[in-house]
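Q: Single-letter residue listing:
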Amino acid sequence: MADSPAPASRPEPDGRTSDASLVERVSAGERGAFEELYDRYARPAYSLARRICVDPGLSEDVVQEAFLALWRNPAGYDRSRGGFGTWLMTVVHHRAVDAVRRENTQRRRNVPLTDEVSERNLTPADGADHAALNGVVGAEVREALKRLPEDQRQVIALAYLDGYTQIEVAALTGIPLGTVKSRTFAAIRRLRISLRSAWAGETGGETTGAHR
Amino acid sequence: MTGERRGERCPQEELAVGWAMHSLEPDEEARVRDHLPGCAQCRETVRATEEVTAALGGSVRQYDPPTGLKSRLMAEVERTPQERVAPTRPAAPIPSESVPEPAPVRLDERRKNGIGRRLLAAAAVVVALAAVGVAGVRFNQLDDRISAEEQRNSRLNKALELAANPETNRAVLRSPSGDPVAIMLSSDAEAAVMEMKLAPNAADQTYVVWGKSTPEAVPLTMFTVQPDSTVQFVNWSNAAHQHQVFAISLEPGTTMPATPSDVVAFGQVGNA
Chain B
1 MADSPAPASR
11 PEPDGRTSDA
21 SLVERVSAGE
31 RGAFEELYDR
41 YARPAYSLAR
51 RICVDPGLSE
61 DVVQEAFLAL
71 WRNPAGYDRS
81 RGGFGTWLMT
91 VVHHRAVDAV
101 RRENTQRRRN
111 VPLTDEVSER
121 NLTPADGADH
131 AALNGVVGAE
141 VREALKRLPE
151 DQRQVIALAY
161 LDGYTQIEVA
171 ALTGIPLGTV
181 KSRTFAAIRR
191 LRISLRSAWA
201 GETGGETTGA
211 HR
Chain D
213 MTGERRGERC
223 PQEELAVGWA
233 MHSLEPDEEA
243 RVRDHLPGCA
253 QCRETVRATE
263 EVTAALGGSV
273 RQYDPPTGLK
283 SRLMAEVERT
293 PQERVAPTRP
303 AAPIPSESVP
313 EPAPVRLDER
323 RKNGIGRRLL
333 AAAAVVVALA
343 AVGVAGVRFN
353 QLDDRISAEE
363 QRNSRLNKAL
373 ELAANPETNR
383 AVLRSPSGDP
393 VAIMLSSDAE
403 AAVMEMKLAP
413 NAADQTYVVW
423 GKSTPEAVPL
433 TMFTVQPDST
443 VQFVNWSNAA
453 HQHQVFAISL
463 EPGTTMPATP
473 SDVVAFGQVG
483 NA
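In order, the protein sequence lines correspond to chains B and D. If you count the first sequence from 1, position 171 lands on 171 in my numbering, and the numbers rise without skipping. Position in the second sequence (from 1) plus 212 gives the number in my numbering.
Chain B on its own, in the form it takes in the complex (with noise of 0.2 Å):
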């Protein structure tokens, strides 16, 4: 597989090479590619393991997992359905749900989801700076989460960041599960509209990372 040619790397606008040029890098066995996807999103990633797992340990076998099933199989990442950020987050969060569920282990508690957003340290870390993953982007999200109605943020906190099923939602709330779902099918709806348009003012149309 080291014979293999590696494709030309595609820089993008600010010079950086895009991630989907360093996926197609990794397909071809490059170590160096795969590292700088790993010092670009390691942090975000980990971040969303760590409030999902709360346990630090089974927070970094979750992101090592993550990471390395894109070493053995880069093509389970299509650019075609998006960037690379959001297909990376999905899977950690794939993971870190399927990993605290297994574990059954202490889980991070309704934090109201602004506060908790608003919590976030801003300052993005070398090397990790990129895309959806940093700065402005959790403005964004923090003030398209202000403007949800509190019952949408509360389902959408329960299942996404505390890693509940629907049918748990349900339980944990009293509110009917219909409703759950459509409160949930409301509240991706209500944030896709507002994000999209902060996203498109942010770039002009253009979006990169997480946002495609």
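Think of the hints as simulated: they come from the structure by calculation, not from any bench. Worth double-checking, as some hints may not be accurate.
Derived, one-sided and incomplete: chain D residues facing chain B with beta-carbon distance under 10 Å [unchecked claim]:
#1 Met233
#2 Thr261
#3 Thr265
#4 Asp276
#5 Pro278
#6 Arg284
#7 Thr292
#8 Asp391
#9 Met406
#10 Lys409
#11 Gly465
All of these numbers come straight from a predicted model, not from anything done at the bench. All C-beta atoms in this analysis are idealised placements derived from N, C-alpha and C, irrespective of residue type, glycine included.
With chain B's structure known, arrange chain D on it following the hints.
A: For chain D alone, coordinates are given in the frame of chain B:
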């Protein structure tokens, strides 16, 4: 999903959102997995939902990864061969309509762990709820009911222990229309029914749990439902625990009949 789409919405769209958030039960996950290859609209819903949730996920409090993680990962990379099978994605769906098709969603990598996962018992949630006192919930009772509540919490704690046992089987039991009605927790020594939507029985009625892994349904145990009850421990045996499919029926009288009359819910153990 953003509201500007013309034409009919797919009725599975809400499920597609739940799928993208990994918040469905195994049976619903399976339903969406079967549905997605044939529905461009739901695939787009999944994609759009993942964009939103990735942004949410990227906005939580940030932690630096442990310093040793990268070197451990790179060492693991050296031991891990890459898969050389070129197109590892599922075969592209054949669209019935002639719209430009996005590539299929990644069903292979993302879901293979999810299918086998066990349902975390709702008992844990309810106990946490009682303890933490999240607003707007069912345990916020009046003072004169504290003693009844304590009893119930003690039952819930016991249910939590049962739920936390890795040997415990869990099954979501649904009504014929698909609504979750109860969660069955079964170990070789004890079992509990977490009620979600079981109506209180009349004095001359009994709920019966049936094992349906055998050609003929077997009556296993019975229980009653009070207006405020949430979990019932039931008489159980190792033989009862062997069943992977359970049903609940509401029966006249106070004994178990040989065959079920009015089945109100059924479901399969969720750790397939």
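Q: Could you run down the list of hints and mark each one as holding or not?
A: Going down the list of hints, with the structure as the test:
no.: 1; hint: Met233; in the structure: 5 Å, holds
no.: 2; hint: Thr261; in the structure: 5 Å, holds
no.: 3; hint: Thr265; in the structure: 6 Å, holds
no.: 4; hint: Asp276; in the structure: 6 Å, holds
no.: 5; hint: Pro278; in the structure: 6 Å, holds
no.: 6; hint: Arg284; in the structure: 7 Å, holds
no.: 7; hint: Thr292; in the structure: 6 Å, holds
no.: 8; hint: Asp391; in the structure: 7 Å, holds
no.: 9; hint: Met406; in the structure: 8 Å, holds
no.: 10; hint: Lys409; in the structure: 8 Å, holds
no.: 11; hint: Gly465; in the structure: 30 Å, violated
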